[in-house]
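For reference, the chains in residue letters:
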Amino acid sequence: MFWLFFLPVMALLFAAWHFGLRRNQVRKASLGLSLTSYLAFGFLYAPILVVAVMSFNNSRFRLEWVGFTTKWYAKIFGDESVTGGLEGAQLLAATQNTLVLAIISTAIATVIGSLLGYGLHRYRFPGSQLTAWLMYIPVVTPDIVMAISLLLLYQVLRNVAPFFEPGMPAMVIAHVTFQIAFVAIVVRSRLATLDPALEEAARDLYASPLETVRQVVLPLALPGVMAGALLAFTLSIDDFVISFFTSGPDSQTLPILIYASVKRGITPDINALSTIIVLLTMVGVFLSQILQRNQK
Amino acid sequence: MKKPKLEAAGGELLTPMQLLSRAAVTAGPGIVWIALFLILPMLILLGYSFLTRDELGNAVFPLTVDNYVRFAGWDVLGYDAAYLIIVGRTILVSLVTTLFCVLIAYPLAFFIAAHEPKTRDRLMIFVILPSWVNLVIRTYAWMIMFNPSSPITQLAATLGMVGPNEGLYPSDFAVYLGMINVFLPFIVLPLYSAVERIDWSQLEAAQDLYATKTQAFIQVLVPQTLPGLTAGIILTAIPALGMFVVPDLLGGAKVALIGNSIAQQFGASRDYPFGAAISFLVMGLTLLVLWLYARRVGEKGMRDLL
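Chains L and F are the protein sequences, given in the same order.
For the record, in the first sequence the residue sitting at position 78 is 78 according to the working numbering, with numbers rising by one throughout.
Remember, the working numbering sits 1000 above the position in the second sequence when you count from 1.
Among the clues, some could well be false.
[As the list claims (entries may be wrong)] Label pairs and their in silico Cβ distance ranges:
id, chain 1, residue 1, chain 2, residue 2, range
1, L, 42, F, 1092, 36 to 42 Å
2, F, 1064, L, 74, 34 to 40 Å
3, F, 1197, L, 165, 33 to 39 Å
[As the list claims (entries may be wrong)] Covered by chain F, according to a simulated footprint, are these stretches of chain L (three or more residues, beta-carbon under 8 Å):
id, stretch
4, 43 to 55
5, 71 to 79
6, 89 to 98
7, 110 to 124
8, 220 to 229
9, 277 to 286
Think of the hints as simulated: they come from the structure by calculation, not from any bench.
Just so you know, these numbers come straight off a predicted model, no measurement behind them.
Just so you know, even glycine gets a beta-carbon here, dropped at the ideal spot from N, CA and C.
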């Protein structure tokens, strides 16, 4: 029965396909094509809008609309007179953990990943092809598999070093692992668009290898490095599954906190919190997109 | 004495030793990190999958293939294909999700490509933005939309799709919608970059030769978008196999997928070796697909993935 919902979608898809290829107008979107696309955009944004709207709902427990309020935002920003939902201390700790994790892991991953991207771009060495291929593993592998394999690694290493107890250091290592791959890929494809003659010219003018990197390669690659860093940062903030399996009791992040509260029953302050995170994420993505566009 | 062979790199001639040391300084830390925290964990995962679980839930020797045998259905209590059914359901969910994503992504990609270059970039940002909103948040939004008192559920109840006081979740339907919603941008992105590169004169040529719309679409446009489509399918179908959050929140106990089974072994069931065996199968499949894909499109083609 649920499948009936898909019927209108199918009808629209057919219409789009049928009218979308009008002769000599291929570069102009037809009505059917536009309509389907607007629906698709609506579908993509529906969950986000619902969360944003519900964050202004004046009800503690129920999921239906009761009335307008901004008290959940006030609560998140420290108004202790608002009752219900999360504890302020928990929220503060989770926010701190999320940011600390994202900042430290991004810093490490940006340095190591950019160097890796440069090395792979510049030098062919035994294993360079294999490494270039390995970098795509974190891009495709389901999160849960990476999370589990790291969890088991930590379990083994814990016999040697207590450093690998579930908690912040373990989470940083896990995040850096997938971030490195993304940073290296972004930096490398930025480097691939550069004119190799620039680097050669610097060398011809007796710049040392280090000077060449510092004064020619780095400034040119900087938009790529920045874009890679922003991508890594957003990935870290966004991650739930890998953090979930490597975190300890004192290192809950915001996504883990949200998941735990959703499991207990959605509360409006979670909606408000999510809306704030959504807005911040979108600002971050906008910045990184602008940086990437400027590369062209 | 034989002169060492020199290799050119960025306007320099380097001996093999120099080249290696340069590579070690730049790519070295990254390679060490990948070896330690990406490759080694995979090997440990494989190793764990051959261990046994003792009464306390610890993974111990002796080595055994029991976990894989149990996965295939032969347990101490006799044959039970429960896990194979979960695998079948997961593959079905992954394929249906991919199919619907492709069906929605095609018109969307053509729609975006029909705009001015500046507008295209903006529209693409709008496609990507939702994928940066936390997965947990986007998934629980469907719980709000599909709870028994929501307008959508009421409408469905009026149409007789659900009983009174019943929600649209947990259900297959909710899982599918959640999955399609999550993965749609991952297909649109590579598909769009293929559509953007389409040589439209070929379409005109086909139409001049009296090709019907269907023929023109299937024989001229689809082949040109194939690289992007393949990348998109890989980016959707594979991660969908391990998806854990969406079925966990929207499927309830009714729609368990592989991702939930793995999570269960590392949570409530505390059977790490068995969980490792399931994870390793998913990972093996992932690596196989990635390897086949790399062989087919080459290293440059893989850039479609990101």
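Here is how each hint holds up against the structure:
Separation of residue 42 of chain L from residue 1092 of chain F is about 27 Å and departs from the stated range, judged on CB atoms against 36 to 42 Å. Range check, residue 1064 of chain F to residue 74 of chain L: about 58 Å between beta-carbon atoms, so the 34 to 40 Å window is missed. Under the hint 33 to 39 Å, the C-beta atoms of residue 1197 of chain F and residue 165 of chain L, about 50 Å apart, miss the expected range. Check result for the stretch 43 to 55 of chain L against chain F: holds, 9 residues qualifying (beta carbon to beta carbon below 8 Å, three or more required).
Coverage of the stretch 71 to 79 of chain L by chain F is violated. Counting CB-CB distances below 8 Å, 0 residues qualify, and the rule asks for three or more. Evaluation of the coverage hint for the stretch 89 to 98 of chain L: breached, as 0 residues show C-beta separations to chain F shorter than 8 Å, against a requirement of three. Residue count for the stretch 110 to 124 of chain L with a Cβ under 8 Å from a Cβ of chain F: 10. That meets the three needed, and the coverage hint holds. A count of 0 residues in the stretch 220 to 229 of chain L with a Cβ less than 8 Å from any Cβ of chain F is obtained; the coverage claim is therefore unmet, three being the minimum.
Check on the stretch 277 to 286 of chain L: 7 of its residues sit with their Cβ under 8 Å from a Cβ of chain F, so the three-residue criterion for coverage holds.
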